[in-house]
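Work out the full structure, taking the sequences as your base and the hints as a guide.
Line by line, the protein sequences give chains A and B. Numbering follows this note's numbering, with no gaps: position 20 of the first sequence is 20. Throughout, this note's numbering is defined as the position within the second sequence, counted from one, plus 1000.
A portion of the hints provided could be inaccurate.
[As the list claims (entries may be wrong)] Simulated pairs of lysine-lysine, DSS-like, Cα-Cα distance not exceeding 27 Å: (1) B:Lys-1556 - B:Lys-1331; (2) A:Lys-83 - A:Lys-69; (3) B:Lys-1252 - B:Lys-1415; (4) A:Lys-9 - A:Lys-83; (5) B:Lys-1569 - B:Lys-1715; (6) B:Lys-1381 - B:Lys-1415; (7) A:Lys-9 - B:Lys-1213; (8) B:Lys-1689 - B:Lys-1715; (9) B:Lys-1403 - B:Lys-1420; (10) B:Lys-1656 - B:Lys-1275; (11) A:Lys-149 - A:Lys-117; (12) B:Lys-1556 - B:Lys-1480; (13) B:Lys-1213 - A:Lys-91; (14) B:Lys-1715 - B:Lys-1455; (15) A:Lys-9 - A:Lys-69; (16) B:Lys-1088 - B:Lys-1189; (17) A:Lys-69 - B:Lys-1213; (18) B:Lys-1455 - B:Lys-1331; (19) B:Lys-1689 - B:Lys-1199; (20) A:Lys-83 - B:Lys-1088; (21) A:Lys-117 - B:Lys-1614; (22) A:Lys-83 - B:Lys-1213; (23) B:Lys-1199 - A:Lys-149; (24) B:Lys-1715 - B:Lys-1614; (25) A:Lys-149 - B:Lys-1088; (26) A:Lys-91 - B:Lys-1088; (27) B:Lys-1249 - B:Lys-1275; (28) B:Lys-1715 - B:Lys-1328; (29) B:Lys-1192 - B:Lys-1088; (30) A:Lys-91 - B:Lys-1199.
Since the hints were derived computationally from the structure, they do not count as laboratory data.
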Amino acid sequence: MIRLNVNGKLHAVDVAPDTPLLWVLRDTLGLTGTKYGCGQALCGACTVHVDGVPQRSCTTPVSAVAGRKIATIENADRSRVGKAVQEAWRKLDVVQCGYCQSGQIMSAIALLSQNRKPTDADIDTALAGNLCRCATYVRIRAAVHLAAKSLA
Amino acid sequence: MSAMTIENASRRNFLQGVAGLTLSFCLPAVAAPAAAGKATTVSFEPNAFLRIGSDNSVTVIAKHLEMGQGTYTGLGTILAEELDADWKTVRIAGAPADAARYNNLFWGPAQGTGGSTAMANSWDQLRQAGASARAMLVSAAARRWKVAASEITVRDGIVSHPPSRRSLRFGELAADAAREAVPANVVLKEPKDFRLVGKHAPRKDSTEKTNGKAVFTQDIQLPGMLVAVVAHPPRFGATVKSFDAGAAKRVKGVVDVVQIPSGVAVLATDTWSAKKGRDALTVDWDESRAFKLGSEEILARYREMAQQPGLVAHQAGNTDQAFAAAAKVVKASYDFPYLAHAAMEPMNCVIRLSAEGCEVWNGEQLHTGDQHQLAGIFGLKPEQVKINMLYAGGSFGRRANTKSDYVVEAAQIVKASGGKAPVKLVWLREDDMRAGYYRPLFHHSLEAALDANGKLTGWRHRLVGQSILMGSPFEAMMVKNGIDGVSVEGAANLPYAIPNLRVDLHTPTDIAVPVLWWRSVGSSHTAYSTEVFLDLVAKAAGKDPVALRLELLGDKPRHSGVLRLAAEKSGWGTPLPPGAPGTRRGRGIAVHESFHSYVAQVAEVTVAADGTLKVDRVVCAVDCGIAINPDNVRSQVEGAVGFALAAALHGEITLKGGAVVQGNFDGYPLLRIDEMPRVEVHILPSAAKPTGIGEPGVPPLAPAVANAIGAATGKYPGRLPFSTAELRA
Ligand code: FES
Ligand code: FES
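In structure tokens, the structure reads:
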């Protein structure tokens, strides 16, 4: 049994310790907002926060995050920054297919938690690991700026 | 439920009792789309596309897949416009598979989404559906209030009689409206009266796609469901000789290992166990009939074939004479690689067998084809294949597979495992990228004849590449005299007035690499070769690229319209601000029509001394008829720019000895945010019927960038993706 703290809830999961956190979230806990895109830390679709830091859950063995604070997209609206980011995303209709957007939003929340006035270059650096095949990048940039403004 | 409401299940009887209540395109004998909503208090379903609940909910049934292109929002907008619904209360539900009601009107009897047809084929249909429902609500109100229908107004979901200051919400009239006759004729709005079309109607899927709640196929969990991961052959055409499942079966969570026509499937209780099981398999492949050529060898063959004339796709005047009399001849050739769609959600499918038939959960793009394939495998009638349409995490053509490849694979696993449990087939990224169904590799060669005045008098264009449609159900419609229409689209219908022109095609049939439409299909390569070559011609003739195009587009006002607008908005003709020392900057333009929409783009690039390329800005001008949702048009074109730029900068699937080299995003990079240019989209006002916008933003991008590179460096790239080495100073 591995003890996990996900979105403030405690879980004991009976999975192989090498199982990536991604699949535990999705298949064991039913938190399907976190997505699989590549399994190799190449796309960012699986981004979650571990102790507030964005991390690729597809290459994080679940045993490595036992007891640490894991936050997923399902939890995003519980923080002021998270709410601001989601609202900005909705206001600008950023999404297209939407599949990458949980990861984009988790990375954006992490950025804005650290840096309340990011420049385009800051945004590009923080989100360069989050691929969007629909290429919604123009609006992602604009939405991060909008969220920053609403938090100011 | 109140006594006034009519339940879903009893609706059929009700409808049978009232003559003429159904619209011509509605077949009420088929059960209402249960998948589309929780059976609440449905009161009014005047046609296959609309349900109004006594709770004032307005549900538009979308017959097309939402894969990111904004279809749900667009379809909802059209119907809600004529209905005069309150946009905030409109929800969208995916239609079930039922071609009798939900066929694509441009595809005859088949239901499906593609070719940027969703808005165009639904425009009249959904306007009629909305207007007709509105008329029934008005009649119901007139009857209840005993006033003339002509005195009644409708706005934002409220039916009012201003003289008596009475009003009712849609929900309050729903049950009465269901008793009204469907009007034989309805008056549609004048465009000047539109309140949603052409205005801002926010996307309907933004909330659930920003909180993790949107449901994709990947997210489906059914009781007792097993996850299947498959060992696929290393080459196209290879088959399983034998396999050892011993180690796989010892992996905790693995339930079963079965052989299927496309490989060996491991079934497990969860995805990771299935993957571990798959990786533990030992499979001996029979590669005796496998395809073993590499991309370079394929290309060499194509170049060889291009030496000989092909089948004529289009001919005008006499090119031989024009070239014999030419003062100057310009020649160039262009190579295009295989491209993977690489949707962010790898292909997947959930299937469950039941006593009634089979049930499918899928981001469903070709309902009718998939129904037939599955019916064949399970020995069912197509209508026994129930399909739940989910969001697709991108497709770009991949989910509209005329061979139903991944859907069939899921079914074969269900069949091979005895149908005991529902199965979710999960392709890992590598499975998805190596499965074929690529944009075909193409080679083009072009020649232009110029007379002594620099006038373009002759044009020869030869294309070599595999056919997408031969052997598919679309063959009869789209393949004529051995020419696959989508191989030459954009080339055979070149918009430029050139007196002597010949476009011919070679279609190799011995290349076993599966190919498919990839966002913008033939135009993904023909726009490049024709538009980059035209810039070479302009250069040879000493003409400005915009001026030459306008001169040749005399009778093509819509091409000229977007070309002029893009040129104007980009500052064409004004000097570009210089870049950092050592860099070269340039501006390039391209225009292309695809799917009856017209797009011109101007790209500004900076090329560094080491040949690395940065696209700084792209200005787009679009004519897609009436822009139903202008913000979505902009969004689609922005995305198309990024999608096309990914291909131009990085996109290449290569084969070595028949095996696909790339497996993940390290080998097949997508565009990253730091490579995304600034994009401006300008929409030409239009009263023409709406045409597609999902694809038409793609074709002009790569040629516009190439022409900008040409302007900056003098080198016009002859292959995609661009080679940095070739662009060194
Ligand atoms: S799925 Fe984890 S980075 Fe792609
Ligand atoms: S919205 Fe489709 S991949 Fe990003």
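Evaluated hints:
no.	hint	result
1	B:Lys-1556 - B:Lys-1331	26 Å, holds
2	A:Lys-83 - A:Lys-69	19 Å, holds
3	B:Lys-1252 - B:Lys-1415	23 Å, holds
4	A:Lys-9 - A:Lys-83	20 Å, holds
5	B:Lys-1569 - B:Lys-1715	26 Å, holds
6	B:Lys-1381 - B:Lys-1415	16 Å, holds
7	A:Lys-9 - B:Lys-1213	19 Å, holds
8	B:Lys-1689 - B:Lys-1715	40 Å, violated
9	B:Lys-1403 - B:Lys-1420	25 Å, holds
10	B:Lys-1656 - B:Lys-1275	26 Å, holds
11	A:Lys-149 - A:Lys-117	8 Å, holds
12	B:Lys-1556 - B:Lys-1480	26 Å, holds
13	B:Lys-1213 - A:Lys-91	18 Å, holds
14	B:Lys-1715 - B:Lys-1455	23 Å, holds
15	A:Lys-9 - A:Lys-69	9 Å, holds
16	B:Lys-1088 - B:Lys-1189	21 Å, holds
17	A:Lys-69 - B:Lys-1213	22 Å, holds
18	B:Lys-1455 - B:Lys-1331	16 Å, holds
19	B:Lys-1689 - B:Lys-1199	16 Å, holds
20	A:Lys-83 - B:Lys-1088	21 Å, holds
21	A:Lys-117 - B:Lys-1614	25 Å, holds
22	A:Lys-83 - B:Lys-1213	15 Å, holds
23	B:Lys-1199 - A:Lys-149	26 Å, holds
24	B:Lys-1715 - B:Lys-1614	16 Å, holds
25	A:Lys-149 - B:Lys-1088	26 Å, holds
26	A:Lys-91 - B:Lys-1088	14 Å, holds
27	B:Lys-1249 - B:Lys-1275	12 Å, holds
28	B:Lys-1715 - B:Lys-1328	19 Å, holds
29	B:Lys-1192 - B:Lys-1088	22 Å, holds
30	A:Lys-91 - B:Lys-1199	15 Å, holds
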